[in-house]
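Asker: Read off the chains here:
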Amino acid sequence: MDVLGLSRLQFAVTSMFHFIFVPLTLGLSILTAYMESRYVSTNDQLYLKMTKFWGKLFLINFALGIVTGITMEFQFGMNWAEYSKYVGDIFGAPLAIEATVAFFLESTFIGIWIFGWKKISKKAHAVSIWLVAIATNLSALWILLANGWMQNPVGFVLRNNRAEMVDFTAMLTNPYGWLKFTHTVLSGYVIAAFFVMGISAYHLLRKNNLDFFRKSFRAAATFGLVSSILIFLVGDFHAREVARTQPTKFAAMESVWESTKEAPYSFLILPDAANERNSVEAIQIPRMLSFLAFGEGQAEIKGLKAYPKELRPPVSPTFWSFRGMAALGILFLLLTVIAFIKSRGNSIETSTGFLRLMLYALPLPYIAGQLGWIVAEVGRQPWIVYGVLKTSDAVSKAISPANVMVSLAGFTLVYGFLAVVDIYLLSHYAKKGPDSDLSTLINPVAGQEV
Amino acid sequence: MEFQIIWFILWGVLWAVYFMLDGFDFGAGILSAFLPRSESDKRKILRAIGPVWNGNEVWLITAGGATFAAFPTTYALMFSYLYTALLLVLFALIFRGVSLEFRGIMDNEGWRKKWDIAIFLGSFLPALLFGVAFGNIFQGLPMDISGYHGSLLMLLNPYGLLTGVLFVLLFVEHGSLFIAVKTDGELSERAGRLSGGLWFALLAVAVAFLVHTYFATALYTNYLNNPVLFAVPVLAVLSLLGIKVFAAMGQHLKAFYASCATILLVTFTGVIGLFPNLIPSNLDRNYSLTIFNSSSSIYTLRIMTVVALVFVPVVIAYQIWTYRVFRQKTTADDVSGKETY
Chain A
35 MDVLGLSRLQ FAVTSMFHFI FVPLTLGLSI LTAYMESRYV STNDQLYLKM TKFWGKLFLI
95 NFALGIVTGI TMEFQFGMNW AEYSKYVGDI FGAPLAIEAT VAFFLESTFI GIWIFGWKKI
155 SKKAHAVSIW LVAIATNLSA LWILLANGWM QNPVGFVLRN NRAEMVDFTA MLTNPYGWLK
215 FTHTVLSGYV IAAFFVMGIS AYHLLRKNNL DFFRKSFRAA ATFGLVSSIL IFLVGDFHAR
275 EVARTQPTKF AAMESVWEST KEAPYSFLIL PDAANERNSV EAIQIPRMLS FLAFGEGQAE
335 IKGLKAYPKE LRPPVSPTFW SFRGMAALGI LFLLLTVIAF IKSRGNSIET STGFLRLMLY
395 ALPLPYIAGQ LGWIVAEVGR QPWIVYGVLK TSDAVSKAIS PANVMVSLAG FTLVYGFLAV
455 VDIYLLSHYA KKGPDSDLST LINPVAGQEV
Chain B
6 MEFQIIWFIL WGVLWAVYFM LDGFDFGAGI LSAFLPRSES DKRKILRAIG PVWNGNEVWL
66 ITAGGATFAA FPTTYALMFS YLYTALLLVL FALIFRGVSL EFRGIMDNEG WRKKWDIAIF
126 LGSFLPALLF GVAFGNIFQG LPMDISGYHG SLLMLLNPYG LLTGVLFVLL FVEHGSLFIA
186 VKTDGELSER AGRLSGGLWF ALLAVAVAFL VHTYFATALY TNYLNNPVLF AVPVLAVLSL
246 LGIKVFAAMG QHLKAFYASC ATILLVTFTG VIGLFPNLIP SNLDRNYSLT IFNSSSSIYT
306 LRIMTVVALV FVPVVIAYQI WTYRVFRQKT TADDVSGKET Y
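In order, the protein sequence lines correspond to chains A and B. Read left to right, the first sequence gives residues 35 to 484 (the numbering used here). Read left to right, the second sequence gives residues 6 to 346 (the numbering used here).
Everything labelled a hint here was simulated from the structure, so no lab data went into it. This one's a predicted model, so the numbers in the text were calculated from it and none came from an experiment. Where a beta carbon is used, it is the ideal one built from N, C-alpha and C, also for glycine. Hints are supplied without guarantee of correctness; some may be wrong.
Said to hold, decoys possible - Stretch-level coverage of chain B by chain A, calculated; a stretch enters the list once three of its residues show a Cβ under 8 Å from a Cβ in chain A:
1) 80-88
2) 309-320
3) 326-334
What the hints assert, rightly or not - Derived, one-sided and incomplete: chain B residues facing chain A with beta-carbon distance under 7 Å:
4) Pro56
5) Ala71
6) Pro77
7) Tyr304
8) Leu306
9) Tyr323
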């Protein structure tokens, strides 16, 4: 493989790995902050216990989200130097603002939260985890405005052999960026909700700490239901924005080859990319696709054949990832509705079948999130900045395939090792439950007395 | 003032503050392999940096982000030219971060021992490599019209290594003073004594560095053209002497502040010498990356200036507050797990 292929593979590996940890952080920080606020307002020790138990799992996960994030910032320069030169005038700003406005806040107050229990008031301590939660989400906003700009570049002109920013507000208010942000953080909330429900289900099935896990499950079910509904709505808006701004991506997502007016929606499609057609198109609703894309049944959907082959994204991965993500989204909606209803009563532990289902459903939102990113990034190809710069023109000139092979192998080994440690620690403490000594659990420096 | 110059100063400030803050984390991390005589000692050292290292590291992220936003061409070329060196820094920082969080998670001697190695290497390697990188930037990189002609091994030249050793010694001195301030009893005394001995090594290397700089780099040109600038390196040397004076009087906190000043001033000594270059070329001056030929547009620089002027003071304010919250010495209670209510 050449530098381009290797660098793309490395970016895929490192960003997908990063995105295993970040979305849980986005949602679990909010749930932990909610629990601590409940403790502060009710003084109920159960909520303190919940804060510590879920907070511990949050911290294990948080550490890896942070360290894998540093890689992302370095990589643009290391592997994508031509990209960084060409669009740095615009793309660098949100990254620098993210560090200044959000990352500092998050990293400073996480230290306060971990070590500050007896140093500041209870209220101030709860405020510090809220600040972490807000900062984490704010961080996502700046990163996704940056990604939104790559998807739908706005507010720039091409001059001095590069793209230069002329309208910062346009980037700040880019609808694509905001849809991306809301869609992504909501997916993080769904992941966190299923994480908490899944682990709670594990303990409820064993009748451990019933009250503790009933309350945890209930809080997560509510959070998950609201997030699943919202993500559905946002997903719909997001798809329309894609149809408007990235017609090639939209055509690949729906596997539309021929430009069609009054395009129907087919529940069953089998794309046949080699022959530029679909081998199966069945169970159709007339005009539905046109309506979904543009809000009117008459609208024309541009097919992939309207574009030269070299400007089309790979159809199969984009199409299947999109279908998979959407199907999972519907499943999450169904599951959270049931979870919400069942968790209202005080006897969720008797629904063993459903609890087992929720335990095994824990990884599904993670998969949906990864599929979503495949749609977003693979569907944007061959562009790195849609319509402005091709991925093949963005890669560094100063590095050799050997350089990238070494780094790719290094990342795979290091990240693989970290993933094993992380999963081991998370499952160890998740299974252990809240009965172990939680004081030593929260502080990574402390331990048994010596 | 031109926006490029404002951002050059900010760029220097970000690196200087980063080295001043993460410097004692690195120093403490290196010393955590040698200084402790018990598990309790070790935990006290790690507990001293525990609440703050994360926030300190963000100064690096911000320095990187600011380089990207303000000088994208420098960011692009520096990061791709120094690919493998940066990769090593990255892995080291990843392991340091993870090991500080994961070391105490399992109550198991073997588990801790493994992460201890990562804490040491994750602190020592970045300290050394940042020094090597800046030493090479001070000398200039071999770059011309056809790109970069260096390699990882070429970075390990005498001057680069000397700067690396200087950084390691600066940070270990800094870290030992930090430990002396933040712990009590016998551990604090030993850290204080160690800083006293290390200081002579630091002085010797600092003198060697200042002399070698004259022969290996063009950093002094700006100073000779504008002698008033010599105030910065002179103050750096005075701060360095101040460390010894305060430490000898047993005033470790003041000695630590003197060490902070030393690191800030040493960084600025280098940065001033670089101006207006960010990375000089040692093959052909026309291919040096300067703040003018590698900067963003004035429009972008103006926006970033507003962001920095509004938010950096806020960051400084809440970070100072954090240091105040954790101003007390680390106690046995802090490391016994009775820290939470």
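Asker: Going through the earlier hints one by one, which of them does the structure break, listed in rising order?
Answerer: When the structure is compared with the hints, only number 8 turns out to be violated.
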